[in-house]
Amino acid sequence: MTAPLSRADRSPLATLIPGREPGSLMTIEMIVALIGASVVAYAIANRFRLIAPVLLIAAGVGVALLPVGEEMSLPSTVVLTIFLPILLYWESLSVSLNRMRRSLRGIILSATVLVAITAALITLIGVLMGLSVGAALLIGACLGPTDATAVSSLGRGINPNGRTVLQAESLLNDGTALVIFAIALQAAQDSSDVTAGLVTHQLLLSFGGGIGAGVLVGAAVTKIGIRVRTITDDPMLATITALATPFLTFFLAEEIGGSGVLAVVTCGIVISRFAAPHMSLGSRVLGIPFWTILTHILNTILFVMVGVALPGIITELPRADLVRGLILIPIIYIAMVAGRFAGHHLIIYSIRALDRRPEQRLRRTNIRGRIVSTVAGFRGAISLAMALSIPASFDGAAYTERNLIILVVAGATLLSLLIQGLALPYVVRWANARPSAGTQTAESVESQETGALADILADTISQLDAIAERAGVDDDAAIAAVRADYARRHDSVLNSATESEADVYSRPESALRLAVIEHLRERVYSLRFAGRIDDSTASRVNRRLDVETLHINGPPRRRVDRRRRRSEPDVAGAHRPRRGQSPCR
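FYI, in the numbering used here the residues of the sequence shown are 3 to 587.
Be a bit skeptical, because a hint or two may be false.
Unchecked claim - With beta-carbon atoms standing in for the labels, derived distance ranges:
#1 232 <-> 489: 34 to 44 Å
#2 468 <-> 238: 33 to 43 Å
#3 106 <-> 232: 28 to 38 Å
I should point out that these hints are in silico values taken from the structure, not numbers from a laboratory.
For every residue, glycine included, the Cβ atom is placed at its ideal position computed from N, Cα and C.
Can you build the whole structure from these sequences, using the hints too?
Below, the structure is given as structure tokens:
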């Protein structure tokens, strides 16, 4: 029987949160260098269609070589307790719950068993290459989980079901990896302290406490949010509450010894399912751009700061360890990819042996689908954050293998982003030539969306009289005008089955309306510059014109390069602008 665990032993992250680290504050010069490097890296990536995370790391290396970069650092505690909860919370709000529920068994197995298999194979290879068990297990724990944000940004082209499984797996497998990581830290100190009872206890407490805390906070936030909305409908208050939610969930779970990562993901899923229907228009209009920009900035900072740390790590390594690390990087990377591929086979054939139901056959993936899932298993910020959080010393004694571990993890992560990021579009195109029985294509998703929208509009038109009565509207002319408008939209949807969205207006009418709006906007600015209206009035009028533009064009979308479209299928249904339409459609 194992002894009771202290809080430091109960919590997977407790051992990763030391006291305040020196050099954690950045000067204005450092911030300017960080922003400048990020802008240049993204500009080059967009111009030449390169992989942004790799260029961001390279930009970080460039910053580190400048005088201002010598003192630049990002404490690992900030990454694990601030960056990670925000990134995972937003990703959990964005995942498709319906597809996730249909593939829940495979997702859970991929988030637990697959991580364990990958970490075990990496550990075995590391030990055979001369690493200590603790160091090899730390590398395996860091490289076991895939990265949710990397999958989202680099996984375009994967069929919707496969993409959902990958995103959900990436959200959940961080919890498994952090438990393995905490065990690996104990093994690095004294392997005799690690027992089967301790591992089992830590796994159960981590998963149970994390999921329980996530459900509790998610339910509480949903209920309180619905009550508060009856009193006030302030979108700023709703956004601030949403920002505080992942931190509250994370620290509550960690305090009881559970997984803060699993708690944040669970909380996000609960809120996405039950609170989203009660969100106000203002909360959506303000909140979605806020979260999109915030997570983009945090991801950028993470990758740049990894690049900043690399030169210092390399210079601190003895020459023999540096050569050893450079040899280990490709070998560990191959073991990482092989472990994921083998784990997929083991999970799938185990399910086939245990579940012989006919409907299970429709969910099967062929060998091509498993290769896509393997290639799409990018490593990213979570792997780098875990590696950087390894303590420099244990019980006052320096941990000499720390820099070697960080070098190997960073190198394998770079290879993952570079090799798999470049290969994925071609692998997806090869796999789509012979899809699995359960594969859902982009065309089928678009057809489903078109059919659902047509049904919704038809039902709305048929119920319009009852809707008008509930709204207290008895003006026949107004009802007829609304009916005609929605009938036109319904016909447009039916006639646009091959497009991702239907036009609200005809093409000539859309072009004319957009031209009129631009003319109105020019007149507003001319009146403002002439001093006939003040800035606040001009801003209010411009917001009204923006709403009209959105009504015509639909929500803004990322512009897709036509050359990229031919080589990289886009599941999101990226819309090629029609003549007379804005390219942001």
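Results of checking the hints against the structure:
1. 232 <-> 489: 34 to 44 Å: holds, 35 Å
2. 468 <-> 238: 33 to 43 Å: holds, 35 Å
3. 106 <-> 232: 28 to 38 Å: For residue 232 against residue 106, whose Cβ atoms are near 34 Å apart, the range 28 to 38 Å holds.
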